[in-house]
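Student: One letter stands for each residue in the lines below.
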Amino acid sequence: MNQGRKFHLDFKKYGMVIALVVITALFQWLTEGVLLAPMNISKLLMQNGYILILAIGMLPIILTGDIDLSVGSVVALVGAVTSKLLVGEARMPVALGIAIGLLVGILIGIWHGFWIAYVKVPAFIATLAGMLFFRGLTLVITQGKTIGPYPDAYQYIAQAYLPDVGGASQIHLTTILIGAALIVVFLITQLQKRRREISYGFAVSGSGVYTLKLVVMAGLIAFATYWFTRFKGAPVILLILGLLTFVYSFVTEKTVLGRHIYALGGNERATALSGIKTKRVKFMTFVNMGLLAAFAGIVYSARINCANPTAGDGFELDAIAACYIGGASASGGVGRISGAIVGGLVMGVLNNGMSIIGVGTDWQKSIKGLVLLAAVVFDIVNQTKKK
Amino acid sequence: MTKVLLEIQNIVKEFPGVRALDNVNIKVREKTIHALVGENGAGKSTLMKVLSGVHPHGTYEGKIIWDGGECRFRDIRESEKKGIVIIHQELALIPQLSIMENLFLGNEQQKKGVIDWEKCRFEAIRLMELVGLKEKPETLINQIGVGKQQLVEIAKALAKKVRLLILDEPTAALNEEESERLLNLILRLRDDHGMTGIIISHKLAEVTKVADDITVLRDGSTVETLFAASDLITEERIIQGMVGRELTNLYPSRDSEIGEVRFEIRDWVVYSEEYKDKIMIDHINMKIKRGEVVGIAGLMGAGRTEFAMSVFGRSFGSRVQGIVVKDGTEINVSTVSSAIENGIAYLTEDRKALGLLLQESIKGNISLPSLHKLARKGVVNQNEEIKVAEEYIERLGIKAPGIFQTTNNLSGGNQQKVLLARWIYADPDLLILDEPTRGIDVGAKYEIYHIINELAAQGKCILVISSELPEVLGTSDRIYVMNEGRIAGEFTREEATQEKIMKSILQSNRRN
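These protein sequence lines map, in sequence, to chains A and B.
Number 18 in UniProt numbering belongs to position 18 of the first sequence; there are no gaps in the numbering.
Number 200 in UniProt numbering belongs to position 200 of the second sequence; there are no gaps in the numbering.
Next up, chain A with everything else stripped away, as it sits in the complex:
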């Protein structure tokens, strides 16, 4: 019953990864090597981190067939709140300020989730209302002014690099340790997975191919680690993004909750008739989005080192575009966290690469629009070919 898992390239699954590689290679050439310079990679991650965080929150919502248009405004509002708490007279402890910021996000998520899941207001409308409402609140709180600068500890998340435990030496030891740990964890989980599959009697790929796969992956991690050590080490935001990607991939793909999210997007009524509390699942995706939007707000305000009443304008569209470019389906039920990350990176590389070679923001927007269209067309063509 199990046909031997032969190696063949699944274009639907890896199409965007290939596109990312091609686009990166193209700009690496156009920018004469600047794009992939260690310093520029760190910068690229810092510039796009908050979009990626938003995309991670947006994907579960898109999976259930909904959408959240308010996240850009939430980013601004949370920035405004933390600036009020941390800048000027108040001077609260930074950790407390961040905690309150995140709490605001959760409350916003509850607000949206309540209207959408329980009162059945269409998500498009409820979050459109939220987009206006929270943008307005931001203006009220900031009184239309830019507030900053933040204390140093606050900026740490978005701008800093991992501290070097090695101290004096030239080599960035923390980064190397993390890289080594990653390789070990990767190898152990892969080997365990294979052992379990064999114990269930499933066909697995031949040991030669398997070893090659492990070596290539471990090599990639090792190389990435080495690359970051060439400039100040890995940025903090990379660690955060890595962690979020891992956790949310795990939750969406391996847990009961994750499976319920996919099922809900596939067929809401059938899912409800299977005893799944669909309203609660929907509610949870919005609460989660609120939390991550708040987190993105903190990262963003920390990066630009001020709260700005127009902050986050259009972020919701970037986050949604990242999900779609990464293969999510507009009708729900299809998409992956890793896809959303790849989609976000495609846009990030385009932005960054075009900036380096001197393409203006006007053209950057147009080109991003075309890329979004192309990605979705690619998806549709792929699907009709399958039929």
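No wet-lab data here; the hints were simulated from the structure.
The C-beta atom is built at its ideal place from N, Cα and C for all residues, glycine as well.
Mixed in with the good hints, there may be bad ones.
Estimated spans, in silico, between C-beta atoms of each pair [to be verified]:
(1) 325(B) with 119(A): 45 to 53 Å
(2) 356(A) with 402(B): 42 to 50 Å
(3) 391(B) with 119(A): 38 to 46 Å
We have chain A; now place chain B onto it with these hints.
Tutor: Relative to the frame of chain A, chain B by itself:
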């Protein structure tokens, strides 16, 4: 013999990996009704798509001869221009538009792009009279029932000056009275207007009633054509051609071992969702014993599905009253999850809308309600899940390339088996099966009856809702007859006959 209007010659149609049509030959005589029968996946729908130009010329081999000349349709418009109109199972009407607007959709009564509403109205009234619709032309489609919508579709075909009308499962969603009316209309159009028809149907009784000629398809090839004028046509004779063997017994026999009463539903009352004062289910009392198959018979609209869904976690209706007792104690069925926890499962009649996740694999569809069983601390054991799915594919004989196959590509019978696997794996004590064999072929039906018997033999309680009386009679140990939200009668297997059941329905009608 009358003139041959349409001849299909040696049609071969291949999809990647599958030969859907393999040398199909059919002659349709003018002014006759030609029935096309065959199991699911026999190629009926594909053939109609070739004929109507959905699969354009060049994508298939063979010839279509229409009225003496060869046709090479590039799309539906071209076939419609010749007078070939197909009415699909899923009706192509716009619910928010009026009957009149739908009638002339794509065929607008216009002068230089401006719609002539007077002519439109005049024509609409004429066409509606022809098919026996008494509504106002301005009535919206979503305000009339499926039966009348079907008539609108036919009127729409007539507006296009149809010469050959193709009906794909026209009565699948209709009750007996509506079906009867529709079939009579088709006969009348043949006799009075010289229309030719092709009807695709699983209901052999109606095929024998209306068809002049019957062509049987099996595995993409034509097996035989029977002529009502010269051949003796019975349902058994048709089934023999469809399955290639003589099916002596449609319902597998079973020695039922019936135990004590396990489930009892008392004074069950449900009100309508839209109109909170309208009573839908009126004080129903029902008992189901261990190892017993209980049937619920009744016409469409009798409230059987509504009753079952309201018991299954109040999935239907409002202001639900009454209690469900299991093994002597009352159980909570106020939500679907609590109903499942208390051992109730409901297999829906509408498997595409309410049952399957069509984009999801067979595996994911089977495990959906039982993921918590496969999980530890919220993390699904995917290896175990694969094992379970493999096991059920084997056990229920689901024909698919593998458990990762998405369910939208499966035939109706296999889709139904996937849903059965879902609920059998959930391990309920009471399994409610709502129209378990709707729209699936004879062979798969037999297998499903067999599964029902196996479950009963394991001591499960089974409740079968079916609109096909022979099915209720053939599977059940005991039968409740429902009508207009009430129990109209109760019969044991020995007592029950089709006549008695119909009589109890009619009598309860008269009392009102």
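Student: With reference to the structure, classify each hint as holding or not holding.
Tutor: Structure-based check of each hint:
1. 325(B) with 119(A): 45 to 53 Å: Distance hint for residue 325(B), residue 119(A) is violated at roughly 35 Å.
2. 356(A) with 402(B): 42 to 50 Å: At 47 Å between Cβs, range holds.
3. 391(B) with 119(A): 38 to 46 Å: holds (42 Å)
In this structure, the one hint that does not hold is number 1.
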